[in-house]
Amino acid sequence: MRKILKAVFVSIFCLIFMSGCTSLLPVFTTVNETNNNKSVCQYVTKQTTSNTNESNTTLLSSSISSFLDAKNSSVRVMACYSVNDNEYEMSSSGFIVDGEYNSSTHKYVYYIVTSASGIFYRYVTNPSDSIDIENDVNIVRSGTFEMYMEDGNAYTGEMVGYFDAYDVAIFKFQSDKEYDVLELSNDEVSIGDTVYAYGTPVDGYNLLNTLIKGTVSGTNRLSDLYFSETINSKTYSAVISSYPTFQFDGSINLGMEGGPIINANGQVVGMIGYRYGTNAGTYMYESLSFGLSSANLKPIIESIISTGSFTKPLLGITITDIYNVSEKENYEWIEDNQIYSGVVILKDGISDNSPAYNASISDNSVLIKLVSDGKEYNISNLSCLYSALVQINPSNPLSVTYIDSNNQTHTKVVNLQ
Amino acid sequence: MIKGFKVLSLVFMVFSLTSISQKKDVAINCNTISDEEITLTNQVNLTSSMNDFYNEAIKGVVKVSNYAKTTTQGVSSYVKQSIGSGFFYDEDSSYYYLLTNHHVIESYNMVSITIHSNQEIKNVKVIGYDDKQDVGVLRVNKSELNSAIKVLELLKDNNFINPTIGDDVVALGCPGGQGFSGTLSKGIVSGVNRIVSESNNNIYNQDHAIQTDCAINPGNSGGPLLNMNMEVIGVNTMKISSDSSIREEALNFALPIHDMYKTSMLIRKQFNDFGQNSVIQFNNRLSISSSKQFKSIRDMSIKERDVYGVINKNQGVVCLNDDSTLNVKRGSLIVSINGVAINNVCELRRELLDIYYQGNLTNKIVVQVYKNVNGNLNDSISNISISPKIINV
Chain A
1 MRKILKAVFV SIFCLIFMSG CTSLLPVFTT VNETNNNKSV CQYVTKQTTS
51 NTNESNTTLL SSSISSFLDA KNSSVRVMAC YSVNDNEYEM SSSGFIVDGE
101 YNSSTHKYVY YIVTSASGIF YRYVTNPSDS IDIENDVNIV RSGTFEMYME
151 DGNAYTGEMV GYFDAYDVAI FKFQSDKEYD VLELSNDEVS IGDTVYAYGT
201 PVDGYNLLNT LIKGTVSGTN RLSDLYFSET INSKTYSAVI SSYPTFQFDG
251 SINLGMEGGP IINANGQVVG MIGYRYGTNA GTYMYESLSF GLSSANLKPI
301 IESIISTGSF TKPLLGITIT DIYNVSEKEN YEWIEDNQIY SGVVILKDGI
351 SDNSPAYNAS ISDNSVLIKL VSDGKEYNIS NLSCLYSALV QINPSNPLSV
401 TYIDSNNQTH TKVVNLQ
Chain B
1 MIKGFKVLSL VFMVFSLTSI SQKKDVAINC NTISDEEITL TNQVNLTSSM
51 NDFYNEAIKG VVKVSNYAKT TTQGVSSYVK QSIGSGFFYD EDSSYYYLLT
101 NHHVIESYNM VSITIHSNQE IKNVKVIGYD DKQDVGVLRV NKSELNSAIK
151 VLELLKDNNF INPTIGDDVV ALGCPGGQGF SGTLSKGIVS GVNRIVSESN
201 NNIYNQDHAI QTDCAINPGN SGGPLLNMNM EVIGVNTMKI SSDSSIREEA
251 LNFALPIHDM YKTSMLIRKQ FNDFGQNSVI QFNNRLSISS SKQFKSIRDM
301 SIKERDVYGV INKNQGVVCL NDDSTLNVKR GSLIVSINGV AINNVCELRR
351 ELLDIYYQGN LTNKIVVQVY KNVNGNLNDS ISNISISPKI INV
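Read top to bottom, the protein sequences are chains A and B.
When the first sequence is numbered by this note's numbering, its final residue is 417 and no position is left out of the sequence of numbers.
When the second sequence is numbered by this note's numbering, its final residue is 393 and no position is left out of the sequence of numbers.
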């Protein structure tokens with residue numbers, strides 16, 4: 001019998017930047033894009049696939065016709081890690097996003113996406129009053145992974161890659177059986193849309209693929225992905241990253257993170273993130289749930305499946321939302337000129353020799369638009385910017401439009417490479 | 001088994017509901033409609049029909065009050081100790097019959113019902129109950145009611161099939177206090193055949209529940225979960241609630257009406273046999289041990305499948321210990337009973353309840369199993385014949 005500590009539960013939850021909740025947050029919040037990216041570049045080497053070459057594999061296509069069919073492609077992911085002679089289990093949800101048939105081994109290979117924070121095991125190594133996710137928290141990714149399907153089959157999986165900053169992890173498994181691949185929708189969700197989601201709550205009650213229903217309550221939200229652990233009744237927490245989400249009112253529970261959020265046509269519009277208020281002290285909150293949209297998932301998944309990793313392009317700017325600098329010295333011009341939408345590039349917020357520096361973008365300015373490969377991204381807040389940055393192809397020139405402190409609008413072309 | 005996680009406890013309580021808006025559920029029907037005005041019209045229609053639905057269905061729902069008897073200075077009086085819900089499900093020439101949960105009327109001295117007109121009928125006859133399946137059956141004399149009530153239809157299509165996952169459902173019930181009587185809440189069916197049980201003791205052990213995200217709260221227990229045809233599909237009974245730092249939401253369960261109905265009919269049959277003054281304490285042995293004695297393969301971890309030698313199978317019920325009732329050995333994989341395929345524990349339990357319910361106790365029961373020999377599942381299916389008489393009550 002393996003020993004599994006009871007107190008290992010690592011609760012990771014998200015706090016949301018909402019105007020109504022400003023008391024929870026520091027008044028002046030800056031997000032240093034450069035620092036954010038440091039943590040996400042430590043990719044493991046992609047496992048080499050055995051004897052799989054292009055000529056004898058066939059890509060599978062989706063044949064999902066309604067949200068109900070999506071259940072058969074939803075997966076419960078379980079991980080077991082061995083740390084200092086103790087074993088720890090993590091459980092999350094996921095779904096099949098890609099697959100191929102290998103005609104030489106006569107097996108299907110399926111790729112599933114799940115929540116990185118839900119499946120990887122983090123623990124505090126240096127307990128102190130203010131812990132840092134980089135230096136004081138260890139993350140364990142090598143363990144055994146099991147995939148449980150709706151049809152009763154269970155498979156052993158293998159990690160392909162991950163992008164912690166946006167809470168994405170990809171695994172693969174082999175099977176004799178054909179499963180449908182869930183199609184990621186190209187359409188963004190709109191407020192008021194009905195969405196469904198499948199996920200398996202963490203508990204002993206066999207609630208595999210619980211279906212929930214909700215309405216999209218908000219878009220362009222910025223979620224802070226938190227890690228927290230309680231040691232000797234003291235809770236330590238740190239921000240893993242901030243990432244763009246949409247909000248809905250379905251009742252997701254711990255363990256359902258990573259499951260597919262589906263529209264009525266059976267297209268996946270996002271991946272379940274977290275519900276605000278799953279931790280102690282937030283008992284008043286209800287049905288504040290968040291998900292990562294398919295538009296953001298798609299490029300990350302494609303990159304991880306083909307190369308084993310994903311790298312978010314770096315502009316080299318230090319930024320914040322407009323409401324964070326209102327009535328702050330140096331930034332009065334923003335309100336004076338009635339600019340309410342955009343992302344503030346802070347004074348002295350251009351890193352030396354960065355792509356933004358090389359394109360001579362001004363600091364103390366408001367970024368309002370990106371154009372890449374003919375596609376326009378209106379940047380009304382940080383969430384929009386984070387969302388756009390994972391969608392653009394860094395090999396294309398990026399056109400950046402911003403307003404400087406003289407209220408002049410400029411467009412500069414940035415070379416991201 | 002996930003042992004690393006805090007075990008959650010199911011709270012069996014008298015449930016009540018908070019109301020939710022019905023309007024949000026309209027969008028799915030409107031996906032193909034681009035004209036916003038049509039959408040608005042649909043919303044109005046739906047809201048008004050939901051109100052009609054409510055006004056009709058609520059006539060079948062009652063508040064059930066459980067009174068304890070206290071004696072002070074030689075004077076006896078009844079004190080209300082808990083409140084739940086119930087509903088009318090059957091009638092004959094002189095009586096209406098009601099279903100509720102056993103835990104709503106547990107350790108009662110007197111039970112009363114309050115119908116939609118706010119009339120309270122005291123000293124309601126408790127015909128019997130099954131504490132393992134959490135069924136309680138009440139009877140009220142028709143002449144005692146001062147206004148018309150509705151006997152709710154039960155979902156009987158195709159011999160009580162499971163509701164479809166994703167279906168819209170409505171819960172009706174009564175609150176912890178008179179102030180929230182007749183509360184309506186709406187949700188969907190999130191899952192069927194869920195094995196849920198209370199972790200603290202084994203008094204209640206339900207292994208076949210309907211899971212819903214419909215708001216269900218203390219005071220709702222015993223109330224009906226209805227589909228949009230106003231048929232009762234289940235009896236609201238449980239929700240997951242834990243005292244740990246993790247806060248669950250909307251993991252609620254109703255017991256399927258087919259099993260409740262069959263058990264209630266068996267209770268009523270015994271009541272008629274034993275006489276009108278009896279209270280039947282029904283106990284179907286098969287309903288209690290199944291989740292310890294048997295386990296569906298699909299609920300097993302890869303390691304557990306390995307232990308029982310069923311790693312290459314994905315459907316069926318594994319016998320965890322030698323079982324004398326069905327005459328099967330530990331590690332055997334049950335795949336059918338009397339020719340009916342058994343994919344999970346719920347289906348096994350339901351099939352055995354059916355055999356008893358149909359009163360067909362003279363024929364042999366044929367159980368088909370894969371036998372586990374030395375940790376390896378035998379490729380051939382064996383037939384085991386058992387005599388049904390050992391399915392005792």
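Note that these hints are calculated values from the structure, not bench results.
Check the hints yourself; a few may be wrong.
As a list, the in silico PhoX-like pairs of lysine-lysine whose alpha-carbon atoms are at most 20 Å apart [as the list claims (entries may be wrong)]:
hint, chain 1, residue 1, chain 2, residue 2
1, B, 69, B, 150
2, A, 107, B, 69
3, A, 312, A, 234
4, A, 177, B, 313
5, B, 150, B, 59
6, B, 69, B, 125
Evaluated hints:
For a cut-off of 20 Å, the pair hint linking residue 69 of chain B to residue 150 of chain B is broken: about 31 Å separates their Cα positions. Distance restraint check for residue 107 of chain A and residue 69 of chain B: the Cα-Cα separation of roughly 69 Å exceeds the 20 Å cut-off, and the hinted pair is therefore not satisfied. Between residue 312 of chain A and residue 234 of chain A the CA atoms are separated by roughly 35 Å; this puts the pair beyond 20 Å, and the hint is violated. Distance check on the hinted pair: residue 177 of chain A and residue 313 of chain B sit about 13 Å apart at the alpha-carbon level, within 20 Å; holds.
Simply put, residue 150 of chain B and residue 59 of chain B have alpha-carbon atoms about 5 Å apart, close enough for the 20 Å limit, and the pair holds. For the given pair, residue 69 of chain B sits about 16 Å from residue 125 of chain B by alpha-carbon distance, which is consistent with the 20 Å threshold.
Taken one by one, the earlier hints fail for this structure at numbers 1, 2, 3, listed in ascending order.
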